[in-house]
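**Student:** Position chain B relative to chain A; hints supplied.
Chains A and B supply the protein sequences, listed in that same order.
According to my numbering, the first sequence is numbered sequentially starting from 7.
According to my numbering, the second sequence is numbered sequentially starting from 7.
Worth flagging that the hints you see were computed from the coordinates, not collected in a lab.
Check each hint, because a few of them may be wrong.
One copy or two, either will do: identical chains are not told apart, so a pair holds if it fits within one copy or between any two.
Only pairs whose alpha carbons sit at most 20 Å apart, straight line, appear in this in silico DMTMM-like list of lysine to aspartate or glutamate [as the list claims (entries may be wrong)]:
| # | residue 1 | residue 2 |
| --- | --- | --- |
| 1 | K305 | D206 |
| 2 | K296 | E88 |
| 3 | K296 | D162 |
| 4 | K67 | D27 |
| 5 | K296 | D263 |
| 6 | K96 | D41 |
| 7 | K305 | E88 |
| 8 | K305 | E224 |
Protein chains: 2
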Amino acid sequence: MTDVTIGIDIGGTTTDFSFVDRNGVCLTGGSIRTDAHDGIEPYLDDLIRQLTVVRSSYDGKLVVVGCGIGAPNANYFTGTVEHAPNLTWKGVVPLAQLLTDQLGVPAVLTNDANAAALGELLFGGAQGLTDFVLVTLGTGLGTGFVTGGNLLYGHDGFAGELGHTIVEPGGRECGCGRRGCLETYVSVTGLVRTVKLALDEGQGSVLAEQSRESLSGEAIHKAALAGDALALEAFQFTGKWLGFALANAVAITSPSDIILFGGLVAAGDLLLEPTRAAFEAGLLNIYSGKVRIRVSGLKGSEAAVQGAAALSWKELELDRDGD
Amino acid sequence: MTDVTIGIDIGGTTTDFSFVDRNGVCLTGGSIRTDAHDGIEPYLDDLIRQLTVVRSSYDGKLVVVGCGIGAPNANYFTGTVEHAPNLTWKGVVPLAQLLTDQLGVPAVLTNDANAAALGELLFGGAQGLTDFVLVTLGTGLGTGFVTGGNLLYGHDGFAGELGHTIVEPGGRECGCGRRGCLETYVSVTGLVRTVKLALDEGQGSVLAEQSRESLSGEAIHKAALAGDALALEAFQFTGKWLGFALANAVAITSPSDIILFGGLVAAGDLLLEPTRAAFEAGLLNIYSGKVRIRVSGLKGSEAAVQGAAALSWKELELDRDGD
Numbered sequence: 007m008t009d010v011t012i013g014i015d016i017g018g019t020t021t022d023f024s025f026v027d028r029n030g031v032c033l034t035g036g037s038i039r040t041d042a043h044d045g046i047e048p049y050l051d052d053l054i055r056q057l058t059v060v061r062s063s064y065d066g067k068l069v070v071v072g073c074g075i076g077a078p079n080a081n082y083f084t085g086t087v088e089h090a091p092n093l094t095w096k097g098v099v100p101l102a103q104l105l106t107d108q109l110g111v112p113a114v115l116t117n118d119a120n121a122a123a124l125g126e127l128l129f130g131g132a133q134g135l136t137d138f139v140l141v142t143l144g145t146g147l148g149t150g151f152v153t154g155g156n157l158l159y160g161h162d163g164f165a166g167e168l169g170h171t172i173v174e175p176g177g178r179e180c181g182c183g184r185r186g187c188l189e190t191y192v193s194v195t196g197l198v199r200t201v202k203l204a205l206d207e208g209q210g211s212v213l214a215e216q217s218r219e220s221l222s223g224e225a226i227h228k229a230a231l232a233g234d235a236l237a238l239e240a241f242q243f244t245g246k247w248l249g250f251a252l253a254n255a256v257a258i259t260s261p262s263d264i265i266l267f268g269g270l271v272a273a274g275d276l277l278l279e280p281t282r283a284a285f286e287a288g289l290l291n292i293y294s295g296k297v298r299i300r301v302s303g304l305k306g307s308e309a310a311v312q313g314a315a316a317l318s319w320k321e322l323e324l325d326r327d328g329d
Numbered sequence: 007m008t009d010v011t012i013g014i015d016i017g018g019t020t021t022d023f024s025f026v027d028r029n030g031v032c033l034t035g036g037s038i039r040t041d042a043h044d045g046i047e048p049y050l051d052d053l054i055r056q057l058t059v060v061r062s063s064y065d066g067k068l069v070v071v072g073c074g075i076g077a078p079n080a081n082y083f084t085g086t087v088e089h090a091p092n093l094t095w096k097g098v099v100p101l102a103q104l105l106t107d108q109l110g111v112p113a114v115l116t117n118d119a120n121a122a123a124l125g126e127l128l129f130g131g132a133q134g135l136t137d138f139v140l141v142t143l144g145t146g147l148g149t150g151f152v153t154g155g156n157l158l159y160g161h162d163g164f165a166g167e168l169g170h171t172i173v174e175p176g177g178r179e180c181g182c183g184r185r186g187c188l189e190t191y192v193s194v195t196g197l198v199r200t201v202k203l204a205l206d207e208g209q210g211s212v213l214a215e216q217s218r219e220s221l222s223g224e225a226i227h228k229a230a231l232a233g234d235a236l237a238l239e240a241f242q243f244t245g246k247w248l249g250f251a252l253a254n255a256v257a258i259t260s261p262s263d264i265i266l267f268g269g270l271v272a273a274g275d276l277l278l279e280p281t282r283a284a285f286e287a288g289l290l291n292i293y294s295g296k297v298r299i300r301v302s303g304l305k306g307s308e309a310a311v312q313g314a315a316a317l318s319w320k321e322l323e324l325d326r327d328g329d
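Looking at chain A on its own, in the form it has when it is part of the complex (with noise of 0.2 Å):
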């Protein structure tokens, strides 16, 4: 018998979900197609179906004590989903409430950077730790922070949207309606705007004979590593922009530890040189030399559930400690 939290990530394209145990192992898992419904009950249906198809085939007994799961649009206070524009079902979803309905265990979520920061908190590199900020750096920029032990939710569920801080007024067009957001700059698709920007200036490069249609992450990662100058500068240029954001955010929340994490990262030191030197470059004196800046150790493929199933062993724990 093993005590387990099912945990849900939605994405906009795939759904996926595992039996994960309170060290953070999955023990098994799936996955359903999310756009493939028309609606959130048959959604739902196709859901609650694979979980049970695959806890009973699981070769063990697993006791299933709660539900964590991280969707975009997540709201942790309301357990609804708002407006989502890249999922399929319309307007506010009570999700928390009915996954709560059909499973018989309590169910949660939240935004799936703040359930990347529970994961690196009750399994990954942050335990033990009371004060650090999770970033991950994919298509967008997201941020969890954790202060006093806990994920900062703000008043409305709505904290950690450190992507959305403008650092350049007037500055590159951001797909919220404003300019100069921080994920305009340092995201992945941030890096290949930047690397779009100096190609369409005529500068040379490697990069210049793909079409911009092409033109990614990974390329311009390629580019770097064959000492393209070009791609060089797109990594240095955007370690800078975060380097300076995260400086500015230390002297809100004062963590101990930056937790970088998603597709960008896998850049290593391309990213992370240029990073550090304009974090210490941009920080407070008070807090030179005390904040490292490092790459998550959590298994991509896996984080996002042990994400999501972490929200739901940390209401417990909350829940108990309450009691």
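**Tutor:** Just chain B now, with coordinates in the frame of chain A:
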């Protein structure tokens, strides 16, 4: 018999103290000079003597249950005042322990902006709030962030330095040794710098008639009220930077309220109107219309000692809850 905590506010020149009940009422108090002693020991002797005199002369029985101190360069976790440039004591002073030993009740300390935030939380306009920011606008710009009902200290006790986030890379020189910090633009000092720079550029103003050395926040306020264009523009400029920086801070901690306090706030709508306009323009849409910016209702003369006393009351509650 009335339970009270002692609130002590240590400034560079004066130390104010008050015996404060659980409702925030300052029952009796006094003050001593901070800078008139040759070291920490004679300072503490003087302080304890005055506390004893004031307490015994109060017409009623005061039961002292704790002591809270607001001081520059104060660290909540270590209970020490560290290398405070504006105090005559040298090095690292274990002030909380020294006062605990002398008073026989637990003494705790933090910086003045954090204490002010707790004063608002326990006695002021933030009662019942879980997530807000207190901004002190005086010689500098200090901030105390309350998240999830508790003061945000960070891993080392030094969280909440919004005044030292860089808003203009390469901008105005700051006392911290860097350039472009928010407080070089938004503070009484920042406002005076803004006006001096405009006068140096030859802009006309009634303020040009007085010596640059005598320029004060009050004089600029008075000129703005009289319709002086330069003074009015200076407040617009100050409010724009403040609104911009607050909008970015909201994207990290998502507070319901931002409470402004200190000398600059006397300017009222001259400052608030451009601040609110820049704030709403800078907010990510999920926060729009959800965050109130308002002025503290606490009396300036009492707020500092109330805040220090609140720190002690809050600590006593946390201790009780933790048992």
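**Student:** Can you give me the call for K296 and D263, within, between, both or neither, at a CA distance of at most 20 Å?
**Tutor:** So K296 and D263 pass the 20 Å test inside one copy only (9 Å; across, 30 Å).
**Student:** I want to check one pair: K305 and D206. Are their C-alpha atoms no more than 20 Å apart within a copy, between two copies, both, or neither?
**Tutor:** neither (36 Å within a copy, 58 Å between copies)
**Student:** Is it within, between, both, or neither for K296 and E88, if the alpha carbons may be no more than 20 Å apart?
**Tutor:** between (38 Å within a copy, 16 Å between copies)
**Student:** Since the copies are identical, ignore which copy is meant and state whether K96 and D41 lie within 20 Å (CA to CA) inside a copy, between copies, both or neither.
**Tutor:** Close inside one copy (12 Å), not across copies (65 Å); limit 20 Å.
**Student:** How would you label the pair K305, E224 (within, between, both, or neither) given a Cα cut-off of 20 Å?
**Tutor:** within (18 Å within a copy, 59 Å between copies)
**Student:** Between K67 and D27, at a C-alpha cutoff of 20 Å, which is it: within one copy, between copies, both, or neither?
**Tutor:** Intra 12 Å, inter 57 Å, cutoff 20 Å: intra-copy only.
**Student:** Reference check for the pair K305 and E88, CA-CA at most 20 Å: within, between, both, or neither?
**Tutor:** neither (29 Å within a copy, 41 Å between copies)
**Student:** With identical chains, the pair K296 and D162 could be close in the same copy or across copies; at 20 Å between alpha carbons, which is it: within, between, both, or neither?
**Tutor:** between (31 Å within a copy, 9 Å between copies)
In this structure, the earlier hints numbered 1 and 7 are contradicted, and the remaining ones agree with it.
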